[in-house]
Amino acid sequence: MTWIGKIRRVGRIVEPAPAAPEPTVAPPTGVRGSLQLRHVDAGSCNGCELELAGAFSPVYDAEQYGARLIASPRHADGLIVTGVVTHNMHEPLLNTLAAVPEPRVVIAVGDCACNRGVFATAYGVVGSVADVIDVDVQVPGCPPTPDQIVTALRSVTGK
Amino acid sequence: MTTTVLPAAAAELGEGPRTARLAREAIASGLATTLLGALGLVLGVVAIFGPTRHLRIDWLLPLAGVRFDVDPLGGLFIAVTGAVAVAVGIYTVGYAQREHWARFPMVVLPLFVAGMLLVPAAGSVPTFLLAWELMAAASLVLVLSEHNRGAVRFAGVFYAVMTQLGFVMILLALVLLSAAAGGDAFTTIAAHADDMSAGTRTAVFVLTVLGFGSKAGLLPLHAWLPKAHPEAPSPVSALMSAAMVNMGIYGIIRIDLQILGPGPQWWGLTLMILGAVSAVFGVLQATVATDLKRLLAYSTTENMGLVTLALGTASLLSASGAPDVAAIAMTAALLHVLAHAAFKTLAFLAAGSVLAATGLRDLDKLGGLARRMPVTTVMFGIGALGASGLPMGAGFVSEWILFQSLIHSPPDGNTLLALAMPLSVGAVALTTGLGIASMVKAFGVGFLARPRSVAAEDARESPMSMLTGMGLAAAACAVFAFWPALVAPALRGVLDALPEVGGDTAGVQLATFLRLPGIDGSLSPALLAVALAAGVLLAFAASRWGARHRPAPVEVPLWACGAETLSPRMQYTATSFAEPLQRVFDNVLRPDTDVEVTHFAESQYLVEKVTFTTRLADPVEQRLYTPVVGAVIALAQTVRRAHNGSVHLYLLYGAIGLLVVLLVAQ
Amino acid sequence: MSALSIVAAVLQVVVVLVGAPFVVGGMRQVRARLEGRAGGGVGQPWRDLRKQLRKQQVTPRGTTLVFAVAPAIAAGTTLLIAAILPIFALGSPLDSVADLFGVVGLLFLGTVALTLAGLDTGTAFGGMGSSREITIAALVEPTILLAVFALSIPGQSANLSAIVSATLDNPGQVFSLGSVLAFVALVIVIIAETGRLPVDNPSTHLELTMIHEAMVLEYAGPKLALVEWASGMRLTVLLALLANLFLPWGIAGADPSLLAVLIGVVAIAVKVSVLAGLLAAGEVFIAKLRYFRVPELLSGSFLLALLAVTASYFLATPTR
Amino acid sequence: MSLATYTGVLDLTAGAFLLAAVLIVWRRELRSIVHLLAWQGVALAAIPLTEGLYEGNPGPVIVGLVVLVLRAGVLPVLLLRAVGTADAERRESTPLVNTTSSLLITAALTMLAYAVTRPIIALDQAAATRAVPAAFAVILIALFVMVSRRRALSQAVGFLMLDNGITATAFLITGGVPLIVELGASMDVLFAVFVLGLLTGHMRRAFGGTDLDQLRELRD
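Residue numbers (numbering that gives the first Met the number 0), protein chains in the order written: chain C, 0 to 158; chain P, 0 to 665; chain A, 0 to 319; chain B, 0 to 219.
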């Protein structure tokens, strides 16, 4: 029965929610508090992935604001893109965006996704995410903290 | 390219008259079959309601004469055969032209139907055997109609041997019966059935179950069925699978349930075990089969197993003093025979339509037919729904009645019933579950998705006559799915003639509501369909909520995980679809799998290609038949020594034979 | 059949339609709390549904009518089951239209519709999900029908009202051996049929481990909403069935008064919430089974169901 | 305690008793097998306890309490000590018969038990007698467990289950055995477990594992 004891000992570890940020874009469908995102790693160093995992972990729990990562772009309301767009991931990124039904949002996470970051002049790079597709929200930082990611997500879900 | 164009051009230029003749012959053959079928249908229905009709033609067969007694039980089977023949006949008009049938099978097809119509009409042992042989021989000829393919020849030989073995057993059984009764008419035999010794009755039971069971495709003598049915031309497959197998059931009912019945408890139990094993085995093989027609053939074994299980239940229950529940089981058996005839005709005709359009039976190469052959797809869908035993399908009502008879048998104090019934429910339920899986595979992989080969991509819809034939069978399916009350009077008539299995009790009330007198249980397939339609509409309405906020609908390419295209080769095939079930049941199925890894010559660590082969043989066939066939061959080798080619020696054999006969006759 | 029992049946459908997303939300919430998270709240599935219903209709190229109507069939069968079952009151007007065998058949009809839709897409994941789903369904069927058999023995009928009223008349039989075994078997079957842990993980992100999710990977927008709604309703309806088969107290009679129906609503809401909460809490402690270990679980449940029938059958002779 | 409650509780106890046996066949984790055995001990103890309380007879109650301490307390603790610490030791990794088949065989055995005990039930329709098939089924299942398991500890569990089954049958048919007999039997079992524990320890030292198949090596 150690698991039950552990659950009791740990209790709630989620950090208290700060006040909701200013909405940057209106919720895509007009329904607040529901945002399912498909994550695309367009060529990241996996630093942003770690922070992203942090944002959805029990401590930050982005799910309490209605954001969720899901597997199929068909089920999604948008993309959350990390990393600079490489040649190999250019087409897949476009295909994935096309697979998301309208209305949709694109969130670019991390300096590389926003402005190519440290890979600006690398030979395999097409450009930043905004160079390739329309981006609604940008989260700067190398990598951005889970707090920043959660705030950005909340600015879209409106919750 | 030229090779494919040339024959077609030749057919148009030089062979115009031949095409016209083919059309004439196909119409004649199909029409003859249909008319025979219609005649059978009418006569059968008349016989079910009317008094038993007799017909004697003494000059036709030396010594015994030909005798027909058409009673309600026979009438039901005549009517079913007739109805199947009507649909198949119309279908054949188009099919024979499309597949360029030779003249011979066209002539034999009506003969085959005639043979099947005569079997249930026969009133005496010689007549029965004559009709049986006519049916067997005609079907053999039809199976062999595409004899230029090796598989067909093999299936033909296999079928010939097994059907004749079955015939010998039936012959022995019937001769034993008429010898014990002192007469060859079935009425005489029935009158003297109670005086027969237990040994005779047991021997007759065992022989008839083996002989008729083999015709019905029951284990272990089923092996001819999955070989012969798929290799026959599709209209013939439909006739064999939907009508001919019923003759085995008819024989079991006539001899073991009616004339000798009610037998001791172990008769019923034997039938139940045979039925359950056949049903589960048949459906397992159907689940892993990749050949569409083979799948349907195994499904026939499955369904005949279910019917036999119901017959066994009826027999066991009436022997255990529960005739009212026995009547319910008997109703289930008869209704399932009818429903199976409807959906199996439809499924085989649709499979034939696919075969004619693509030349393919292999599900691994089919797919995407829904857009290319929409009518055939819908037809197969109706047939598959019936075969899966789901609500809205033709097989649901009869399976429901079977379940009711199994769960309502009185357990008081009878260990046998208390053990047999739960296990039967388990077996039937497993059969239904796997049946659903096999039919989802056949329909989903074969007709939906995208074409897996060029042939499937080029498929075109079949001509009107074929679609009409299928349409008739589909209408019958709809009757059994929604309004089984239509056949209620017929079933009542047959049950009245079967007091041995509780036919004189109330039985199942088939009206808008199916009710079981004395038992709290009811079902209304028609109202269920209406309610389901309402439910689906409600669901549609619910999904319209918020529609005005939606952007315009679009058509998009399939999600390929970000890659550019998704080739049809990436789809699941029938083999991969059934692989989990094959793994779960590998103790029974015994698949033979081989993984072969070829490495690059330069390095052990780089793989050039991996080959995976899996082969599924019929384990019963391998274990049981191979040794027997081996023994027969060994025996034949011994006998061969006597054949040294000398005419004198052969004459000597003849002389010795004559002497022996004379001495014995002394 | 009184007017109020018709009202009760209609109410059952409406409440299941409205309540199912809350049941799913509640289960997620229980799970989130036990994991130390805050969770999206009980209303989260409803927000997701409303949002999906406002999204674009997307038709993947090459799919047929089967793909288009499958969600409605899945939802329609579940709604019909909701109307047939005695959830608030006994004696639904549809009670004699289908018994428990019919209900099981309808359940499988919904499963088959989605399975065919998965195959219809012609993608690798769709076929994979369908293959897995149908394998589990095929293996579940023997257990579920044997459990039906076991339940039908005390009331001598497979009609739902008869089973429930037999339990009401003779409350002691709930704690009989057969009944308890049938309960455990049914719980396993319901877990397998609704794709919960340990058979399937409803919140997985990895296609290769999916069963139900893989099958519906191509659905989007309103159709996806219907699929999710249907699966939520299916879970709700099955939990309600489980609750009323074994603990029917609180359900209104065949000719109910308005108050009785209201009590029935409250009773079933409590029962389903408790069951769903227990199920969700249980899920925190277990991991998903390897797919080829699932048949072991199902054969275990088959054994339990068989024992249930045997026990009830052999002990059916009443004690004196 | 009314007759209905008594019948119900006894029925349920027998069910739990049988269910524990089925779960022991099902599970492979040795630790949870031992836990299940403890639960079976509780169910076993509940039989004389219920009977004693219903009849107002202190004898069966005392027997029940003794059984409870021994079967649900002492023996499982002893067995748990014998469970090895190495990972390979904690699971019945490859039983001779796979789980699915084991479960189906268990089903067959149980139905057999129900079938063969029908004459006993026919003799006497009392609630206790009607639970006999469950106890008898546990005996058959225990034999099957002993036949099909590789680990010495599973064998010990099978043995204890067998004894549980026999004891339960005795309780149910005769309405309880004299205290002294039960104590004697329990002592026997206790000694057997001690011996098994010693043997397991020796085996582990000699072979580095408790796989019984390795005992074949002793023959050579």
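No lab work stands behind these hints, which were simulated from the structure alone.
Hints should not be assumed to be uniformly reliable.
[As the list claims (entries may be wrong)] Every beta carbon over 10 Å from chain C, so not counted as near; a handful from chain A, in silico:
1. VAL57
2. ALA67
3. ASP168
4. PRO170
5. PHE174
6. VAL183
7. LEU205
8. ALA219
9. GLY220
10. ASP254
11. LEU257
12. ILE262
13. VAL269
14. ALA286
[As the list claims (entries may be wrong)] The following label-pair restraints were derived from C-beta to C-beta distances:
15. B:LEU103 <-> C:THR144: 52 to 60 Å
16. A:ALA280 <-> B:LEU103: 25 to 33 Å
17. A:GLY281 <-> P:GLY320: 43 to 51 Å
18. P:ALA600 <-> A:ALA280: 25 to 33 Å
19. P:LEU536 <-> B:LEU103: 39 to 47 Å
20. P:LEU536 <-> B:ALA114: 25 to 33 Å
21. P:HIS53 <-> B:LEU122: 40 to 48 Å
22. B:LEU189 <-> A:VAL273: 56 to 64 Å
[To be verified] Some chain B residues near chain P, calculated using beta-carbon distances under 7 Å:
23. MET110
24. ALA114
25. ARG117
Predicted model, so just to flag it, every value in this text is computed and none were measured.
No residue lacks a Cβ here, since even glycine has one placed at the ideal position from N, Cα and C.
Checked hints:
| no. | hint | verdict |
| --- | --- | --- |
| 1 | VAL57 | violated (5 Å) |
| 2 | ALA67 | holds (15 Å) |
| 3 | ASP168 | holds (39 Å) |
| 4 | PRO170 | holds (32 Å) |
| 5 | PHE174 | holds (26 Å) |
| 6 | VAL183 | holds (21 Å) |
| 7 | LEU205 | violated (7 Å) |
| 8 | ALA219 | violated (4 Å) |
| 9 | GLY220 | violated (5 Å) |
| 10 | ASP254 | holds (43 Å) |
| 11 | LEU257 | holds (35 Å) |
| 12 | ILE262 | holds (34 Å) |
| 13 | VAL269 | holds (24 Å) |
| 14 | ALA286 | holds (12 Å) |
| 15 | B:LEU103 <-> C:THR144: 52 to 60 Å | holds (56 Å) |
| 16 | A:ALA280 <-> B:LEU103: 25 to 33 Å | holds (31 Å) |
| 17 | A:GLY281 <-> P:GLY320: 43 to 51 Å | holds (47 Å) |
| 18 | P:ALA600 <-> A:ALA280: 25 to 33 Å | violated (59 Å) |
| 19 | P:LEU536 <-> B:LEU103: 39 to 47 Å | holds (44 Å) |
| 20 | P:LEU536 <-> B:ALA114: 25 to 33 Å | violated (51 Å) |
| 21 | P:HIS53 <-> B:LEU122: 40 to 48 Å | violated (57 Å) |
| 22 | B:LEU189 <-> A:VAL273: 56 to 64 Å | violated (42 Å) |
| 23 | MET110 | holds (6 Å) |
| 24 | ALA114 | holds (5 Å) |
| 25 | ARG117 | holds (5 Å) |
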